[in-house]
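Asks: Each chain, letter by letter, is given below.
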Amino acid sequence: MLDAFDKELLKTVADLEGLPKGAYNIRKNGRLLAREVSANIRIESLDDNRGIVVTIKPGTVNESVHIPVILSQAGLNDVVYNRFIIGEKSDVTIIAGCGIHCGGPDPEGHEGLHEFEVGRKAKVRYVEKHYATGPGRGKRSLNPSTRMVLAEGAHAEMELTQIGGVDEANRSNEAVLGPGSVLLVTERVMTEGSQRAVSRNSLVLEGNDSRANLVSRSVIKDDSVQDFFATLEARARCFGHIECDAILIGNGRNETIPSLKAFHPEAELTHEASIGKIANDQLMKLMSLGLSYEEAVNRIIQGFLR
Amino acid sequence: MLELKNIVFSVEDGPQENGGNGGGIRRIIDGIDYAFRKGKFYAITGPNGSGKTTLAKLIMGINPVTEGSILFGGKNITGYSITDRAKAGISYSFQQPARFKGITFRDLLSIASGTEEEMQLLALLRRVGICSLSFLDKPVDSKLSGGEIKKIELATTIARNPKVAIYDEPDTGIDLWTIGPMVNLLKREQAEHGTTTLVVSHNRAFLEVADVVLIINGGRFVYEGDLKGALPLLSDMSICNYKACVRIDDVGCFR
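Sequence lines, in order, name chains S and Y.
So the first sequence is residues 1 to 306, counted in the working numbering.
So the second sequence is residues 1001 to 1255, counted in the working numbering.
Quick caveat, the hints were computed from the structure, so don't treat them as lab data.
This structure is a prediction, so every number in the text was calculated from the model and none was measured.
Among the hints, a few may not be true.
Stretch-level coverage of chain S by chain Y, calculated; a stretch enters the list once three of its residues show a Cβ under 8 Å from a Cβ in chain Y [to be verified]: (1) 136 to 150; (2) 278 to 286.
Taking lysine-lysine pairs in the DSBU-like style, the calculated list, with each CA pair at most 30 Å apart, reads [stated by the list, open to error]: (3) S/Lys129 to Y/Lys1101; (4) S/Lys11 to Y/Lys1138; (5) Y/Lys1101 to S/Lys11; (6) Y/Lys1101 to Y/Lys1143; (7) Y/Lys1143 to S/Lys261; (8) Y/Lys1143 to S/Lys277; (9) S/Lys57 to S/Lys89; (10) S/Lys261 to Y/Lys1101.
Cβ coordinates follow ideal geometry from the N, Cα and C atoms, glycine included.
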């Protein structure tokens, strides 16, 4: 059922050794490969196998859902629409991710739209990793979108990571935050060669006392290009912060545009952004502890993307 | 064991409007010949801008010497990189320690000591007098206080088990109550591990415990001896604390 490539991809994008425990849905080359539900977590296919609806019962705590996607069929562009309904006062982890194994000259791609409805006082952690590998020279593209609506008092953490091998990525993240809700987004992207990645983020703080923190860490190697756009829009008494850092290595290029919009007198929005090479004092410190220049660079990047 | 053979470090001077002398070469270190003896504690002091930190950086290889050579354990290490010098047994505490993103004290301590073993890391914490174990997983980032980051800097320097440890102004940002324990720690390292210790400092606490006080001025050693002998010279220099008063238009000097 799972071949060696599948296993490697699953391990990389979802930290899975074989099939996971608890609820899961594994999609391979546009088709369902394996599924398991639990007493509290329901997974149903949409018509035409376009995607799934994951429904988490109110009050479900300490459960997880794995929904990885793997692609190894040349010329396939898999488009998927997944919906997550997270019940009130539940506390769950959702692990998504897409791994591409490209063996030929034809392009392979995955476009996923993930929509979340996070119920009152529910807590969710969403982890998404993207990775592509294989000897083929076909273009590997990944275009994920997330849309999240947080109800009153909901708490969501999103960790979005693109580890390597992806030639083109167009990401979009949108969220609307209800009263007292909290959203923490961390995005980590590394590009190399002539890869391109664009990330567009738009968070609307609609409820009083909502809080959002958006952190972006980019490592841009060789001739690759990454652009990062982030907008925080405050429509209530709220707090929002954007922190975006980019490290350039080689001829990497980056455009970072944080944007703050306050439409409420008690809105508090801040941002910090930096683009630059690895700081010299960091390199010297690690070299003075016995690491070579290359080892020091790797450790700094590893930490930066951690 | 560590010999400086007529070392010179010079830089191109900037244009006059930026405070330079209108081009030409300025010698920050102006021919230092000195042999540090094994296991001794040296305090290197002198006015601001006299070349203390520059000298320390030349020894660690952070800046390359312009002329002269550096011998360590009989080997010429003048061409060694920072990494090579670290591996040879020289360790360095920066005056302004680097701050990272996503790197913890545990990471730095593991790199410095070459082990990830919990017991060994805890032993290192005890050795440097850090009692709080939660400190180990603190990120070494911009949120640390000046005192905290200096403690981490010291700990990682000692964790190398160096033959020569260089501390550039180790007391910067440290509160008055911590300086005593810090001096004791460096003295204990010297006594128990035979560490040749070079401390760049203005702080009397370090000068008092040094086996040898070295005063640097204008890029040269102008004094070698005990603190008592150094005091008249130091109080004389303290009048002009910015740079050697060599030109009529040196407005920084009121002498």
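Asks: For every hint, state whether the structure bears it out.
Replies: So, going through the hints one by one against the coordinates:
no.	hint	result
1	136 to 150	violated (count 0)
2	278 to 286	holds (count 6)
3	S/Lys129 to Y/Lys1101	holds, 21 Å
4	S/Lys11 to Y/Lys1138	holds, 29 Å
5	Y/Lys1101 to S/Lys11	holds, 26 Å
6	Y/Lys1101 to Y/Lys1143	holds, 10 Å
7	Y/Lys1143 to S/Lys261	holds, 27 Å
8	Y/Lys1143 to S/Lys277	holds, 21 Å
9	S/Lys57 to S/Lys89	holds, 9 Å
10	S/Lys261 to Y/Lys1101	holds, 28 Å
Comparing the model with each earlier hint shows a violation of hint 1 alone; every other hint is respected.
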